[in-house]
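> Please build the complex by placing chain B on the supplied structure of chain A, with the hints as guidance.
Respectively, the protein sequence lines represent chains A and B.
Counting from 584, one number per residue, gives the positions in the first sequence under the numbering used here.
Counting from 112, one number per residue, gives the positions in the second sequence under the numbering used here.
Keep in mind the hints are simulated off the structure, nothing from the lab.
Positions of the beta carbon are idealized from the N, C-alpha and C atoms, including for glycine.
Some hints here could point you the wrong way.
As the list claims (entries may be wrong) - If you anchor each label on the Cβ, the simulated ranges turn out as follows:
| no. | chain 1 | residue 1 | chain 2 | residue 2 | range |
| --- | --- | --- | --- | --- | --- |
| 1 | B | Lys346 | A | Asn631 | 54 to 64 Å |
| 2 | A | Glu832 | B | Thr332 | 26 to 36 Å |
| 3 | B | Lys346 | A | Lys843 | 54 to 64 Å |
| 4 | A | Glu740 | B | Arg183 | 34 to 44 Å |
| 5 | A | Ile826 | B | Glu174 | 36 to 46 Å |
| 6 | B | Lys149 | A | Arg685 | 22 to 32 Å |
| 7 | A | Lys688 | B | Lys238 | 37 to 47 Å |
Unchecked claim - Cross-link-like lysine-lysine pairs, in silico, DSBU-like; alpha carbons within 35 Å at most:
| no. | chain 1 | residue 1 | chain 2 | residue 2 |
| --- | --- | --- | --- | --- |
| 8 | A | Lys688 | A | Lys652 |
| 9 | A | Lys733 | B | Lys346 |
| 10 | B | Lys390 | B | Lys143 |
| 11 | B | Lys335 | A | Lys780 |
| 12 | B | Lys335 | A | Lys688 |
| 13 | B | Lys189 | A | Lys843 |
| 14 | B | Lys189 | A | Lys681 |
For reference, the chains in residue letters:
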Amino acid sequence: MEQNIRYEKPVISIIKRLRKFRKDPKEAALPEKLFEKCNGCGSLISKNKIVENFFTCPECNYHFNITSKDRMDMLLDGYRIINRPFKFTNPIDFPTYKAKYRENKKKSGLKEGILTVEGYLNDIKLIVVSLDNRFFMGSMGSYIGEEITKAFEHAGERDLPILIFSTSGGARMQEGIFSLMQMAKTSIAVDRYGETKNLYISCMTHPTTGGVTASFASLGDIILAEPGALIGFAGARVIKETIKGELPENFQRAEFLKEKGFLDEIVHRKDMREYIYKLLKLHGYRGCKK
Amino acid sequence: MIRELEEKIKRLEEQEKDSEILRIKRKEITEKYEKKFKPYDRVQLARHRERPKVKDFIENIIEEPMFFHGDRLFSDDKSIIGGIGYLDDIPITFVGTNKGNTLEENVQCNFGMPKPEGYRKALRLMKQAEKFNRPIITFIDTPGAYPGVDAEERGQGEAIARNISEMGRLKVPIISVFTGEGGSGGALALSVANKIIMMENSIFSILSPEGFATILWKDGTRCKEATEVMKLMAKELYDYNIVDRVVEEDISFSLEGFRDNFIRLKKVIIEELQMLMIKNSKELIIERQEKYRRIGGGF
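Excised from the complex, chain A in its bound form (with noise of 0.2 Å):
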């Protein structure tokens, strides 16, 4: 069965899209400005240069928010996409929420904030999740809890690895006290997948708050985060309020984090491929198999 799959090889490669910017800018899906003005360092940058740089800032390292498309095309050598359909639904009949989910689709080109792949690290098969804060802050909802539930399941069953990068706002509050247990079933989802004893690595990216923070997240065998990324449950504008006073630099930022010891390792966007690679070699994935 599993030899019959196929795997497409990333439509665009990072590389492919380069040339292909260079030769018509018009026909690659890159903005038509050819500059980016840096959020981190406010210096003007051309695009070449941020992609090539796989999407950072040659100057400061900043990360630039990138798409759950892209950072699959950046990681692995070929995958396919493994999410269910997605069916529209409003468990607590949210007045507004129709109304701001045709919103978010049409702003977005997205149906939902998650993409789930299995792919192809160099010879290592592996589950990937992505969050994408361009739809509904990439909040967890209903749709987003179980697709994370159903990848641990998925990778348990066939003894993979699993790779979650997170960027969320926290729970989707449309949702109402569906969103918050899915905080419940994504932690135990994670506690059931220990005990195939397999790998799971969770690589927290700019910005990733709230419920997710306080669930699946934090439950990685590893521990990873992106340079600057904040991370935190309250937000820090409720914080600022409750204590009313200044937060301290670097407040909630990923080099906060680790060097309050919640988390193994800061991973440069560059460096990614190749950590996230020796990681799953010495746990033991090499091949298909385990």
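Then chain B, alone, in the frame of chain A:
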């Protein structure tokens, strides 16, 4: 003989009509009652300063409670109380969030908002319960986990996540009781249970109504409006199958007036516990995990 029977049937039919009338009447009254109580009223009841707090619940339901302290890692978070005692004759471990009754106690208990050390203390006591095969009863009355610099520094998110996943696999029966407010992940971190019981005037929500309004409409003052759409009342959650039992309440703000409420709650806890105690640890874990697995599925 036949005539007698016919008469009996006639009488029964009449009685049925009467009971039908009574049923309609009951429905009318409860509907009226429910209409009178808007969600926001329930929120205010749940939060009322003089409503008995978790410590009162524990002291009125559990016999000879002994309170234990500390997480063995950092400190003793006073917003979480816990220990051991008897429920009727059954030795149990109890854990809960406490707000305190006086202003001084409120401050000491951080208004019932736990920090990571509080959640770790709760987990320590629950693991101990597992070791000695004691059922766990948790009591929840919290606006949510404390949003502060120190809490973040010590890993609020990690502490909550850890509690949730560990509670999922504890080998003993777990029953959670919502006595007042149940806000966000801070409440969930103590309520991954086999059975969830809510007092009629308690609430359980994804976030405090104020926080909800702030996030959705950037206006915390629209919290009354938020309560209308959040579905946070015990009865609503019961209809969603999130909650297993709702305990009827006499509305009161004194321990004396709460006496019957305590008795009713105790009866319900014991009923549920007896059902759970005949199951083995594997069944308990599977039942608990499957319950959460089903919520928000169907794609």
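> Does each hint hold? Answer for all of them.
Structure-based check of each hint:
One distance hint, 54 to 64 Å for the beta-carbon pair Lys346 (chain B) and Asn631 (chain A), holds here, with the actual separation near 60 Å. Our hint of 26 to 36 Å for Glu832 (chain A) and Thr332 (chain B) holds, since their Cβ atoms are close to 32 Å apart. The hinted range of 54 to 64 Å is not satisfied by Lys346 (chain B) and Lys843 (chain A), whose Cβ atoms lie roughly 42 Å apart. Distance hint check: the CB atoms of Glu740 (chain A) and Arg183 (chain B) are about 37 Å apart, consistent with the given range 34 to 44 Å.
Our hint of 36 to 46 Å for Ile826 (chain A) and Glu174 (chain B) holds, since their Cβ atoms are close to 40 Å apart. In this structure, Lys149 (chain B) and Arg685 (chain A) meet the distance hint of 22 to 32 Å, their C-beta atoms being roughly 30 Å apart. As the Cβ distance of Lys688 (chain A) to Lys238 (chain B) is approximately 45 Å, the hint placing it in 37 to 47 Å holds. With a C-alpha separation of about 16 Å, the suggested pairing of Lys688 (chain A) with Lys652 (chain A) holds against the 35 Å cut-off.
Pair hint Lys733 (chain A) plus Lys346 (chain B) holds up; C-alpha atoms about 30 Å apart against a cutoff of 35 Å. Note on Lys390 (chain B) and Lys143 (chain B): the hinted pairing is violated, with a Cα-Cα distance of about 41 Å set against a maximum of 35 Å. For the proposed pair Lys335 (chain B) and Lys780 (chain A), the alpha carbon gap of about 48 Å is over 35 Å, so the pair is violated. Note on Lys335 (chain B) and Lys688 (chain A): the hinted pairing holds, with a Cα-Cα distance of about 29 Å set against a maximum of 35 Å.
Proximity of Lys189 (chain B) to Lys843 (chain A) is assessed by CA-CA distance (about 23 Å); at most 35 Å being required, the pair is judged to hold. Proximity of Lys189 (chain B) to Lys681 (chain A) is assessed by CA-CA distance (about 43 Å); at most 35 Å being required, the pair is judged violated.
The structure fails hints 3, 10, 11 and 14 (numbered hints given earlier, in ascending order).
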